[in-house]
Amino acid sequence: MESPLHHFELHPLVEINLLGLDLSINKAILAMWAGMAIVFFLFKAAGKKEGSYVPGKLQSVLEVGMEFIRGMVEEFIGKEEGKKYFPFVATVFFFILACNLIGLVPGSYTITSQLVVTGAFAICIFIMTLIIGFSKHGGHFFSILVPPGVPKVMVPLMIPIEIISMIARPISLSVRLFANMTAGHTVLAVLFGLAMSASLALGWMPFAFTVIINGLEIAIAFIQAYIFTTLTCVYIGDVINLH
Amino acid sequence: MNEESDFRKGVGFAFRVGTELVVSVFVGTTMGYALDWFWGTKPWFMVAGLLFGGAAGGLMVYNIAKNLPGGGSEEKDS
Chain A
1 MESPLHHFEL
11 HPLVEINLLG
21 LDLSINKAIL
31 AMWAGMAIVF
41 FLFKAAGKKE
51 GSYVPGKLQS
61 VLEVGMEFIR
71 GMVEEFIGKE
81 EGKKYFPFVA
91 TVFFFILACN
101 LIGLVPGSYT
111 ITSQLVVTGA
121 FAICIFIMTL
131 IIGFSKHGGH
141 FFSILVPPGV
151 PKVMVPLMIP
161 IEIISMIARP
171 ISLSVRLFAN
181 MTAGHTVLAV
191 LFGLAMSASL
201 ALGWMPFAFT
211 VIINGLEIAI
221 AFIQAYIFTT
231 LTCVYIGDVI
241 NLH
Chain B
244 MNEESDFRKG
254 VGFAFRVGTE
264 LVVSVFVGTT
274 MGYALDWFWG
284 TKPWFMVAGL
294 LFGGAAGGLM
304 VYNIAKNLPG
314 GGSEEKDS
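Line order of the protein sequences matches chains A and B. With the numbering used here applied, the first sequence corresponds to residues 1 to 243, in that order. With the numbering used here applied, the second sequence corresponds to residues 244 to 321, in that order.
No lab work stands behind these hints: they were computed from the structure. Remember, predicted model here, so these are calculated numbers, not experimental data. Ideal Cβ positions, reconstructed from N, Cα and C, are used throughout, including at glycine. There could be a bad hint or two in this list.
[To be verified] Lysine-lysine pairs mimicking DSS-like chemistry, simulated, CA-CA at most 27 angstroms apart:
#1 Lys309/B <-> Lys79/A
#2 Lys285/B <-> Lys84/A
#3 Lys27/A <-> Lys57/A
#4 Lys252/B <-> Lys309/B
#5 Lys83/A <-> Lys44/A
#6 Lys136/A <-> Lys84/A
#7 Lys136/A <-> Lys79/A
#8 Lys252/B <-> Lys152/A
#9 Lys285/B <-> Lys83/A
#10 Lys83/A <-> Lys27/A
#11 Lys44/A <-> Lys57/A
#12 Lys44/A <-> Lys27/A
#13 Lys79/A <-> Lys285/B
#14 Lys152/A <-> Lys83/A
[Claimed, not checked] With the Cβ distance kept under 7 angstroms, some of the chain A side facing chain B (calculated, not the full set):
#15 Lys152
#16 Pro156
#17 Ile161
#18 Ser165
#19 Met166
#20 Ile171
#21 Val175
#22 Ile212
#23 Ile213
#24 Asn214
#25 Ile218
#26 Ala219
#27 Thr230
[To be verified] Partial list, derived from the structure: chain A residues whose beta carbon lies under 8 angstroms from chain B:
#28 Leu19
#29 Leu23
#30 Pro160
#31 Ser172
#32 Arg176
#33 Ile227
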């Protein structure tokens with residue numbers, strides 16, 4: 001029987017070697033392009049209607065999503081400051097959601113089940129928050145390492161703790177998304193393996209479970225995209241509104 | 244609407260807490276191990292890092308729980 005982790009392996013489809021860099025095209029890159037294209041053309045199709053003030057079906061759905069994200073941004077970053085970061089946060093949400101959902105199509109690939117991809121997202125967000133913090137507050141930004149209301153005696157103890165929790169942020173952000181997607185797809189693969197290897201009299205049971213777990217995976221795709229963007233907002237908000 | 248958003252926050256909380264705890268212990272220990280490796284003071288910084296990591300994880304969970312809707316948050320800090 002095939003290993004349930006087999007479908008996470010990547011093999012180059014088109015070999016490209018440029019100046020010693022391995023730029024081969026594989027399934028993950030195709031899935032990422034598909035995610036990008038879906039988000040881009042969906043919003044393009046929804047937004048291009050001219051001369052009509054009545055939104056169509058697609059536009060209504062996407063507007064609900066945008067309203068939802070705007071509420072999130074306003075809650076965690078602030079009404080005025082949030083406007084600057086709203087496009088970034090919305091892009092992150094819809095891109096991760098599209099990538100998570102594409103992974104559920106049989107035969108495609110979940111790029112968010114690769115720690116490299118989620119780690120790259122998280123490190124970009126982490127560096128971005130550092131740049132925002134330093135450009136906004138200058139040297140005063142270091143006061144983020146000392147929470148308010150801490151007695152003077154405790155400050156040397158609090159600084160390492162705060163540094164650790166600062167560094168833990170991007171790691172937990174990336175590991176959460178990666179672990180949830182990988183775990184879900186592994187469970188699906190194991191159940192499919194059971195269904196294939198058992199006889200027909202028993203094989204329908206794991207197969208029925210895959211249907212249920214697939215529904216659960218759709219919910220997880222939304223929840224993980226939501227959590228990733230909420231935490232992005234929380235981290236940006238923390239840096240902007242220093243206690 | 245309000246009830247639904249409480250549910251969403253609860254689900255977010257459930258997914259956050261576990262990873263935050265584990266990852267901060269891991270990060271603390273790794274940083275301690277790295278300092279030991281640089282300065283050649285074999286176990287001591289790793290032990291301290293383990294303790295600090297645990298403390299950071301506990302503090303983070305406390306801070307998240309304080310901002311939960313039903314968590315009895317007296318002040319709204321951000």
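Here is what the structure says about each hint:
Distance check on the hinted pair: Lys309/B and Lys79/A sit about 23 angstroms apart at the alpha-carbon level, within 27 angstroms; holds. Between Lys285/B and Lys84/A the CA atoms are separated by roughly 47 angstroms; this puts the pair beyond 27 angstroms, and the hint is violated. Distance check on the hinted pair: Lys27/A and Lys57/A sit about 32 angstroms apart at the alpha-carbon level, beyond 27 angstroms; violated. Note on Lys252/B and Lys309/B: the hinted pairing holds, with a Cα-Cα distance of about 13 angstroms set against a maximum of 27 angstroms.
About 21 angstroms separates the Cα atoms of Lys83/A and Lys44/A, which keeps this hinted pair within 27 angstroms; it holds. At roughly 13 angstroms between alpha-carbon atoms, Lys136/A and Lys84/A fall within 27 angstroms of each other, so this suggested pair holds. With a CA separation close to 17 angstroms, the supplied pair Lys136/A and Lys79/A stays within the 27 angstroms bound. Restraint check for Lys252/B and Lys152/A: not satisfied, since their Cα atoms lie roughly 34 angstroms apart, outside the 27 angstroms limit.
Restraint check for Lys285/B and Lys83/A: not satisfied, since their Cα atoms lie roughly 49 angstroms apart, outside the 27 angstroms limit. Pair hint Lys83/A plus Lys27/A does not hold up; C-alpha atoms about 36 angstroms apart against a cutoff of 27 angstroms. The suggested pairing of Lys44/A with Lys57/A holds, with an alpha-carbon distance near 14 angstroms, which does not exceed 27 angstroms. Only pairs whose Cα atoms come within 27 angstroms are accepted, and Lys44/A paired with Lys27/A is accepted, the gap being roughly 25 angstroms.
With a C-alpha separation of about 50 angstroms, the suggested pair Lys79/A and Lys285/B falls outside the 27 angstroms cut-off, and the hint is violated. Proximity of Lys152/A to Lys83/A is assessed by CA-CA distance (about 37 angstroms); at most 27 angstroms being required, the pair is judged violated. Because the beta carbon of Lys152/A sits about 18 angstroms from the nearest beta carbon in chain B, more than 7 angstroms, this interface hint is broken. Interface hint status for Pro156/A: violated, as the beta-carbon distance to the closest one in chain B is roughly 11 angstroms, over 7 angstroms.
The beta carbon of Ile161/A comes within 5 angstroms of a beta carbon in chain B, closer than 7 angstroms, and the hint placing it at the interface holds. At about 4 angstroms, the closest approach between the beta carbon of Ser165/A and any beta carbon in chain B falls short of 7 angstroms, and the interface hint on this residue holds. Proximity of Met166/A to chain B is violated relative to the hint, the smallest CB-CB distance being about 9 angstroms (cut-off 7 angstroms). The beta carbon of Ile171/A comes within 5 angstroms of a beta carbon in chain B, closer than 7 angstroms, and the hint placing it at the interface holds.
The beta carbon of Val175/A comes within 6 angstroms of a beta carbon in chain B, closer than 7 angstroms, and the hint placing it at the interface holds. Because the beta carbon of Ile212/A sits about 18 angstroms from the nearest beta carbon in chain B, more than 7 angstroms, this interface hint is broken. Taken as an interface hint, Ile213/A does not check out: its beta carbon lies about 17 angstroms from the nearest beta carbon of chain B, beyond 7 angstroms. Proximity of Asn214/A to chain B is violated relative to the hint, the smallest CB-CB distance being about 19 angstroms (cut-off 7 angstroms).
Interface restraint check: Ile218/A against chain B, minimum CB-CB distance 14 angstroms, threshold 7 angstroms, status violated. The interface hint given for Ala219/A is violated, since its Cβ lies 9 angstroms from the closest Cβ of chain B, which is over the 7 angstroms cut-off. Restraint check, Thr230/A versus chain B: the minimum CB separation of about 6 angstroms is within 7 angstroms; hint holds. Below 8 angstroms, beta-carbon pairs count as interface contacts, and Leu19/A has none with chain B, the closest being about 32 angstroms; its hint is therefore violated.
At a threshold of 8 angstroms, the smallest CB-CB gap from Leu23/A to chain B is about 31 angstroms, leaving the interface hint violated. The beta carbon of Pro160/A is positioned within 8 angstroms of a beta carbon in chain B (closest approach about 5 angstroms), and the interface hint is therefore held. Hint status for Ser172/A: holds, given a least beta-carbon distance of 4 angstroms to chain B, under 8 angstroms. Hint on Arg176/A holds. Least Cβ distance to chain B is approximately 5 angstroms, under the 8 angstroms limit.
The interface hint given for Ile227/A is met, as the beta carbon of that residue sits about 5 angstroms from the closest beta carbon of chain B, less than 8 angstroms.
This entry does not satisfy hints 2, 3, 8, 9, 10, 13, 14, 15, 16, 19, 22, 23, 24, 25, 26, 28, 29, going by the numbered hints stated previously.
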